[in-house]
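Chemist: Read top to bottom, the protein sequences are chains R and A. Here the first sequence is numbered in my numbering, starting from 1 and rising by one per residue. Here the second sequence is numbered in my numbering, starting from 1 and rising by one per residue.
Just to be clear, a hint being listed does not mean it is correct.
Copies of one chain are not kept apart here, so a pair can be met inside one copy or by any two copies together.
To be verified - DMTMM-like cross-link-like pairs, simulated, lysine to aspartate or glutamate; straight-line CA separation at most 25 angstroms: (1) K206 <-> E117; (2) K205 <-> E179; (3) K206 <-> E103; (4) K142 <-> D102; (5) K142 <-> E202; (6) K142 <-> E117; (7) K142 <-> E179; (8) K142 <-> E48; (9) K159 <-> E105; (10) K159 <-> E48; (11) K142 <-> E201; (12) K205 <-> D135; (13) K159 <-> E202; (14) K99 <-> D149; (15) K19 <-> E117; (16) K206 <-> D148; (17) K159 <-> E31; (18) K142 <-> D39; (19) K205 <-> D149; (20) K99 <-> D148; (21) K159 <-> D13; (22) K19 <-> D149; (23) K205 <-> E103; (24) K19 <-> E41; (25) K159 <-> E103.
Hints are computed from structural coordinates only; laboratory data are not their basis.
Protein chains: 2
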Amino acid sequence: MRRISIFASMLLDEIRRYKLYLASQSPRRRELLSGMGFDFEVMPTHVEENHPAGLSPAEVVRYLSQLKLSVIDLNHFPENSMFIACDTIVVLGDEILEKPHDEDEALHMLRELSGREHTVMSGLTVMTRTHRATDHAETRVKFRNLSDDELRHYVHTYKPYDKAGAYGVQEWIGYVGIESINGSFYNVMGLPTRLLWTMMEEAVKK
Amino acid sequence: MRRISIFASMLLDEIRRYKLYLASQSPRRRELLSGMGFDFEVMPTHVEENHPAGLSPAEVVRYLSQLKLSVIDLNHFPENSMFIACDTIVVLGDEILEKPHDEDEALHMLRELSGREHTVMSGLTVMTRTHRATDHAETRVKFRNLSDDELRHYVHTYKPYDKAGAYGVQEWIGYVGIESINGSFYNVMGLPTRLLWTMMEEAVKK
Numbered sequence: 001m002r003r004i005s006i007f008a009s010m011l012l013d014e015i016r017r018y019k020l021y022l023a024s025q026s027p028r029r030r031e032l033l034s035g036m037g038f039d040f041e042v043m044p045t046h047v048e049e050n051h052p053a054g055l056s057p058a059e060v061v062r063y064l065s066q067l068k069l070s071v072i073d074l075n076h077f078p079e080n081s082m083f084i085a086c087d088t089i090v091v092l093g094d095e096i097l098e099k100p101h102d103e104d105e106a107l108h109m110l111r112e113l114s115g116r117e118h119t120v121m122s123g124l125t126v127m128t129r130t131h132r133a134t135d136h137a138e139t140r141v142k143f144r145n146l147s148d149d150e151l152r153h154y155v156h157t158y159k160p161y162d163k164a165g166a167y168g169v170q171e172w173i174g175y176v177g178i179e180s181i182n183g184s185f186y187n188v189m190g191l192p193t194r195l196l197w198t199m200m201e202e203a204v205k206k
Numbered sequence: 001m002r003r004i005s006i007f008a009s010m011l012l013d014e015i016r017r018y019k020l021y022l023a024s025q026s027p028r029r030r031e032l033l034s035g036m037g038f039d040f041e042v043m044p045t046h047v048e049e050n051h052p053a054g055l056s057p058a059e060v061v062r063y064l065s066q067l068k069l070s071v072i073d074l075n076h077f078p079e080n081s082m083f084i085a086c087d088t089i090v091v092l093g094d095e096i097l098e099k100p101h102d103e104d105e106a107l108h109m110l111r112e113l114s115g116r117e118h119t120v121m122s123g124l125t126v127m128t129r130t131h132r133a134t135d136h137a138e139t140r141v142k143f144r145n146l147s148d149d150e151l152r153h154y155v156h157t158y159k160p161y162d163k164a165g166a167y168g169v170q171e172w173i174g175y176v177g178i179e180s181i182n183g184s185f186y187n188v189m190g191l192p193t194r195l196l197w198t199m200m201e202e203a204v205k206k
């Protein structure tokens, strides 16, 4: 729901002069971008999410967020368009956990996360006709020890196959299983809103 | 929405054998307790939320969460009843910020929070016929510098008069204004779900 501000000098109003496109199908990202006060169009781009070998996790998410906008031809869009892409992964030690393909892989990921701290990383790319920038956010997340019954219940009931690391922080397992987080909560949900705000600010100021 | 588990040995199912009562009118607390997987009845108790002088902030929230259950006569409820009460405050230095009474007070609180770190504290009391326990959770929250236009926009649009510290972390100001949190996110929303889970576990094991 869009709300109109009576304070005309706000950055919010400057950004609202742009036509926003979100290159993502994630319902969480849509919800969060709405919560930031924006109307936008959802325009998922279809790219093979492969990245060169040898990148660090931060480089991977930055690369993939850029890749998602790489197929856009700016000439086909209004001059005041702004495009947003995001890629989120879960990093445990040296390992990158992406979306699980099936129940076994989801359970395997969650068993690894149980009782340990991991890092959620999101790469963000914001692009207008005159500006393009990429950055990333990191949040540390600590799970308590979860029993196998709890993990099976979660995977069976919530089917977290569209979620990096096989969990949603805004679902049952996030409520009862996460000890603490350190950093941006909304990054763990899939869109680092505070970082996006700063990047949008830079895009409209340029 | 309640979902039935096929894994009968779970704590979730043990707690579901109780009749749960939430002594709160807060829609956020209702949403979070639902998200934990429970059906419950909302039964706000009406007590004057005064506390003795000289208590520390942690003692205040613990005291007030106990107070909210103090008026309940267990004999009027089924034997397998479990009652939950929670009280949340915002602590900035030595000062306790409760709910603002009007726009001026809300703006005053938010100006104080802008650019600084504060602590959100929730006291929780869980009570059954044979068990009663109180505990509390603390989360550190850091706001970026917010302009007066931003604060006015937020207060005018979201009217945060039912929220301790005059903000909702799940609203616009939380998305664009919070740098980081350290601890339980859901505590900042008004119910430390992970702590509540542990306290419910202790209540059903006794």
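Chemist: Each hint: holds or not?
Modeler: Hint check results:
1. In this homomeric assembly, K206 and E117 never come within 25 angstroms of each other (Cα to Cα): the closest approach is 39 angstroms inside a single copy and 31 angstroms across copies.
2. Taking the shortest Cα distances, K205 and E179 sit within 25 angstroms of each other only across copies (21 angstroms), while inside one copy they are farther apart (39 angstroms).
3. In this assembly of identical chains, K206 and E103 lie within 25 angstroms of each other by CA distance neither inside one copy nor across copies; the values are 46 angstroms within and 35 angstroms between.
4. Only within a single protomer do K142 and D102 lie at most 25 angstroms apart by alpha-carbon distance; the minimum there is 24 angstroms, versus 38 angstroms between protomers.
5. For the homomeric pair K142 and E202, the shortest alpha-carbon distance between copies (22 angstroms) is at most 25 angstroms, but the shortest distance inside one copy (32 angstroms) is not.
6. Within a single copy, K142 and E117 get their C-alpha atoms as close as 4 angstroms, and across copies as close as 21 angstroms, so both meet the 25 angstroms cut-off.
7. In the homo-oligomer, the alpha carbons of K142 and E179 lie at most 25 angstroms apart both inside one protomer (5 angstroms) and across protomers (19 angstroms), since each shortest distance falls under that limit.
8. In this assembly of identical chains, K142 and E48 lie within 25 angstroms of each other by CA distance neither inside one copy nor across copies; the values are 31 angstroms within and 37 angstroms between.
9. In the homo-oligomer, the alpha carbons of K159 and E105 lie at most 25 angstroms apart inside one protomer (11 angstroms), although the nearest pairing across protomers, at 45 angstroms, exceeds that limit.
10. Only within a single protomer do K159 and E48 lie at most 25 angstroms apart by alpha-carbon distance; the minimum there is 23 angstroms, versus 45 angstroms between protomers.
11. Taking the shortest Cα distances, K142 and E201 sit within 25 angstroms of each other only across copies (20 angstroms), while inside one copy they are farther apart (32 angstroms).
12. Proximity of K205 to D135 under the C-alpha cut-off of 25 angstroms is restricted to the intra-copy arrangement: shortest distance 17 angstroms within a copy versus 48 angstroms between copies.
13. Neither within a single protomer nor between protomers do K159 and E202 lie at most 25 angstroms apart by alpha-carbon distance, with minima of 38 angstroms and 29 angstroms respectively.
14. Taking identical chains as interchangeable, the C-alpha atoms of K99 and D149 lie at most 25 angstroms apart only when both belong to the same chain, with a minimum of 21 angstroms there against 40 angstroms between chains.
15. In this homomeric assembly, K19 and E117 never come within 25 angstroms of each other (Cα to Cα): the closest approach is 39 angstroms inside a single copy and 34 angstroms across copies.
16. When the C-alpha separation of K206 and D148 is checked against a cutoff of 25 angstroms, the pair qualifies only between copies, where the shortest distance is 23 angstroms, while the shortest distance within a copy is 52 angstroms.
17. In this homomeric assembly, K159 and E31 come within 25 angstroms of each other (Cα to Cα) both inside a single copy, at 20 angstroms, and across copies, at 21 angstroms.
18. In this assembly of identical chains, the alpha carbons of K142 and D39 never lie at most 25 angstroms apart, being 34 angstroms within a copy and 27 angstroms across copies at closest.
19. For the homomeric pair K205 and D149, the shortest alpha-carbon distance between copies (18 angstroms) is at most 25 angstroms, but the shortest distance inside one copy (52 angstroms) is not.
20. When the C-alpha separation of K99 and D148 is checked against a cutoff of 25 angstroms, the pair qualifies only within one copy, where the shortest distance is 20 angstroms, while the shortest distance between copies is 41 angstroms.
21. Proximity of K159 to D13 under the C-alpha cut-off of 25 angstroms is restricted to the inter-copy arrangement: shortest distance 20 angstroms between copies versus 39 angstroms within a copy.
22. When the C-alpha separation of K19 and D149 is checked against a cutoff of 25 angstroms, the pair qualifies only between copies, where the shortest distance is 23 angstroms, while the shortest distance within a copy is 47 angstroms.
23. For a Cα distance limit of 25 angstroms, the shortest separation of K205 from E103 qualifies neither inside one copy, at 46 angstroms, nor across copies, at 31 angstroms.
24. For the homomeric pair K19 and E41, the shortest alpha-carbon distance inside one copy (8 angstroms) is at most 25 angstroms, but the shortest distance between copies (44 angstroms) is not.
25. For the identical chains of this complex, K159 and E103 are intra-copy neighbours only, at 8 angstroms inside a copy versus 44 angstroms across copies, given an alpha-carbon limit of 25 angstroms.
The structure fails hints 1, 3, 8, 13, 15, 18 and 23 (numbered hints given earlier, in ascending order).
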